[in-house]
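K.L.:
For reference, the chains in residue letters:
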Amino acid sequence: MSMRGRLTTVIVLFLVAVGLLVLSVATFLKPGTPGGVTDFTKSQAAGQPVHILAQTVGSIGFGAHPTWVSYMVMNPTTHKWVQDTTWKLPAHTKIDMTIEQFDSGSPLRNQEWGQILGTFGHSMQLNGKTVSVYNSFTGTGVGHTFAVPTLGVSVPLVGVNGSDTLCGVAPCSTKMPHNEISFSFETQGAGSYPWQCFVPCGLGFLYGNGGPMSTQNYMGGFLEVVNS
Amino acid sequence: MTTSENPVNGETRHLRRMTNIWLVISVVADLLFWFLVGPHMAPGRLTSTAKANQLDINLLVIIALPVMIAVWVFMGYSIRTWSDKRGGPEPVGGEVARGNKKVQVAWIVITSVIVLFLAGFGTVALISDHGSGGGEGPNPIWAPNGATAAETAALTTGDSWSPSSGKVLVVQVIAQQWKFTYRYPAFGGFETTQLILPTDTTIAFNVTSLDVIHSFWAYQLSVKADANPQANNVAFTDTTTSGSFVVRCSELCGLWHGAMFDYGKVVSQSAFMTWATNAEAANATNTKDLAPFAWTYVPDANGSAGGYYIDGGVTPYSKAELYGAKP
Chain A
1 MSMRGRLTTV IVLFLVAVGL LVLSVATFLK PGTPGGVTDF TKSQAAGQPV HILAQTVGSI
61 GFGAHPTWVS YMVMNPTTHK WVQDTTWKLP AHTKIDMTIE QFDSGSPLRN QEWGQILGTF
121 GHSMQLNGKT VSVYNSFTGT GVGHTFAVPT LGVSVPLVGV NGSDTLCGVA PCSTKMPHNE
181 ISFSFETQGA GSYPWQCFVP CGLGFLYGNG GPMSTQNYMG GFLEVVNS
Chain B
229 MTTSENPVNG ETRHLRRMTN IWLVISVVAD LLFWFLVGPH MAPGRLTSTA KANQLDINLL
289 VIIALPVMIA VWVFMGYSIR TWSDKRGGPE PVGGEVARGN KKVQVAWIVI TSVIVLFLAG
349 FGTVALISDH GSGGGEGPNP IWAPNGATAA ETAALTTGDS WSPSSGKVLV VQVIAQQWKF
409 TYRYPAFGGF ETTQLILPTD TTIAFNVTSL DVIHSFWAYQ LSVKADANPQ ANNVAFTDTT
469 TSGSFVVRCS ELCGLWHGAM FDYGKVVSQS AFMTWATNAE AANATNTKDL APFAWTYVPD
529 ANGSAGGYYI DGGVTPYSKA ELYGAKP
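First to last, the sequence lines map onto chains A and B.
Just so we're aligned: 96 in the numbering used here is position 96 of the first sequence, and the numbers increase by one with no gaps anywhere.
Plus 228 on top of the position in the second sequence (first one is 1) and you've got the numbering used here.
Among the hints, a few may not be true.
[What the hints assert, rightly or not] 30 angstroms max Cα-Cα, derived BS3-like pairs, lysine-lysine:
| # | chain 1 | residue 1 | chain 2 | residue 2 |
| --- | --- | --- | --- | --- |
| 1 | B | K516 | A | K129 |
| 2 | B | K493 | B | K395 |
| 3 | B | K493 | B | K330 |
| 4 | A | K80 | A | K42 |
| 5 | B | K493 | A | K94 |
| 6 | A | K175 | A | K129 |
Rather than coming from a laboratory, the hints here were simulated on the basis of the structure.
With the rest of the complex left out, here is chain B (with noise of 0.2 angstroms):
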């Protein structure tokens, strides 16, 4: 700007010709990420949760671009239209290189906006996604129709379930220092080490550890919940499509923590009425030597002591104490 110049009329000029630059790249940019990004991004589409938080991630992308459009579009127009010239006129001080109240008090609400917005945002996409894919604790408060009489039958008068049923299907994530294994209570309670699931079925994941801090995630179906020994800690997905994922351990739990994954499937529901169907028979001799089912086990017999293991000077284990159900 220049002292020939009249200052307001110069600054509504100027703000006049940034809007518009920043309106036209905002919503080339903002279509652009939308059609061609979005629909790539972490974590997928494998389940109701994954596309929930896709929507979020996209949506948070759709509102920052804006944003910083603006800040470079400010410096950029001001770098090329007020920086100093050699040899050309002294920068004009004063009055006029002041703050302008009016863009201040507009960044200050738009942003405020924008954060109050998202915050509410977050909130109702956690309370209706059912807890969006995080770990509830023993006790989730955004637990879905169906789950809490699933988690009873599970303990209590055994649980079933197929196809047509429609119920939860409630699965158990034991951690131990390497390796995840699974427990479903629907097929006997057997054990195994392979984390196969149906789509179209609301999952309750029931995570525990048997030894140190794990923490059980599933990528591609954006589950993720600690797993803390004597501790039962529940997520909830519904399966969509059926596709892989990967599990992997995301609490650092020791040498061999960066070994400590392995790779589910979602499959069609026949296909894993089949798999559990067979698996519960194949594991039937074994099963009948495991714990009963329970949410959380008690491995340490001498936990009362610092959890140490076996020195030989304790009382050997019993099978209670060893991977025995709490009471």
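Pulled out of the complex, with its shape left as it was, chain A reads as follows (with noise of 0.2 angstroms):
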């Protein structure tokens, strides 16, 4: 081969290399699971609150892991549930906020996530009752939370009768066994606040915390807060 040939060869490997560097280097990059955001700041008047309303679910019933816990929430817009957890909100504004809890419970790894921190008068409506404290060694224990460190919110879900029969494919009926658990706070500024469960619920991965609770679009999120 000529000099001219080599040249061109050894130049046509380096680039070829360096695309599957910066191929290998994108897709590792490239979040694991893509998700919608839902928008919450057009559903109402500028500096009214928000409502969102949501469903924890024992088992999704759907997708690519259908037997993983998992959030869902309505759409505002289309009055459709949506399996997104990463949701946009008008910042300095309440949120008033009821979720549809549908899973079991059990007594909590950390019985400091019992409280009701965060929301406005630090309680939450257990279907229709102020609960500041719910011991989660007694009744129906809690199956998840609702907790938003950055804003110190944390909101017990307490678990429904696991001997009932349970919704098993979401979204679910109102019909179904499920507690209503509602409670305000405010968001700040515009930022991005994670947000998550503090129950293990990850069945069948280390201490829990994988698969679902690890997965975005399941158990945890963001609240993309945004100036009006």
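Please assemble the complex out of the two chains, which come individually in their own frames, going by the hints.
P.N.:
Spelled out as structure tokens, the structure:
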């Protein structure tokens, strides 16, 4: 092979190697589960409270991981249930949140999360009854929590009786056994606020924090707070 | 150097010049650093540990600057003085281009002395500052006075603390995916997500984890201790002035590791007492449902099977197994 041919071969191989490297890095950096964003900034007049309706289900019943636990949220525009955990919210606004909890419960790994923290009145409404602390070692225990650590918000989602016939495919009808939990909190300035469940509910995963606990659109996500 | 110069006289003259230049620049650089930059170096001066660590960093820089400047001065002087000039005489080889034993020995001796001095200094600082804010494991060998008594009281008779007591304040740090919580055994063992500390007090952090490996890093306090499940890692510091600090997890611990941070405060002793007393009362209902205060907790009932969370085929957790005191 001539010198020119050798040089061309070396350059081509070098470019292929660089291309493969770039592709590998790009694939590594790409988020694992692409998800949508549910926009709550246009569902009410400016300055008015935002209403979020969500569900927690013991098994999502569809998709790549039908047996995983998951959050669902009602899209305020289409009024359809979606499996998004990134919610766009207006800054400095009261958020009225209602969660329909369809999963069973157990004692908390850390009873600290049995307290209702960071909400208006440091309390929640559990099926219409005001609760400020829930002892997870009594009754049906706690199935999940809704917590926004950077806002100091933490709310235990009391479980339903595990011996009942539970909803196995989301979205769940309110005719199925569930607890209705409602509470309010206020967003702060614009920014990205991660939220998560503090019950290690990833069954079959180390310490329960793998699987749905470590995959976006299941048991954690972001409050994308924007200025109005 | 040209062939017309006496090599020995020339070397001495150049060495003297380089030394003078190095000395002036080093003194100026060290003084500028010490007075202008040093007071602002990390991690600040919120605790005695932070002060000591800031001093350590500043001392290292003060020593390192002259070494670095010596290399730069030698390089710069050499380039300017002995660089080959176009049309000039050929560089001289042979005897004068070989190594200088005196310079080599001096370099080895000086750098060895510096390294040995720093090793001694670091060891003394580590011991005298009770571990310098690092986790010392469950049985710290450099515990400050009163720490053992406070730790024992926290587990047995019930610890207490007040501004006039002069006691060590025991604070337990509990890491979990993905949040730190804190227990105060001197105030009934209440647990909270807030880390508030009094000024002018020796703090004994007892760090543990409920799940995977985390690391408690209170940056401005200059405290850093690994949080391991079923292990108690003790770190000490003495708070000095009031201020805020950041707490971060410094061990990659899962999806929300980046969100595992919060902010703490060092406040006056009276303000701390007010906060702690109020928090104890506000948390009383939940505190009675917490596990008895212990150095570690065993959250995984079926841990013997590999620490997997309950999967429906295992007997449901009991209170003690879920979050209970280790015997």
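K.L.:
Determine for every hint whether it applies to the structure shown.
P.N.:
Here's how the hints hold up against the structure:
no.	hint	result
1	B:K516 <-> A:K129	holds (22 angstroms)
2	B:K493 <-> B:K395	holds (19 angstroms)
3	B:K493 <-> B:K330	violated (55 angstroms)
4	A:K80 <-> A:K42	holds (16 angstroms)
5	B:K493 <-> A:K94	holds (27 angstroms)
6	A:K175 <-> A:K129	holds (20 angstroms)
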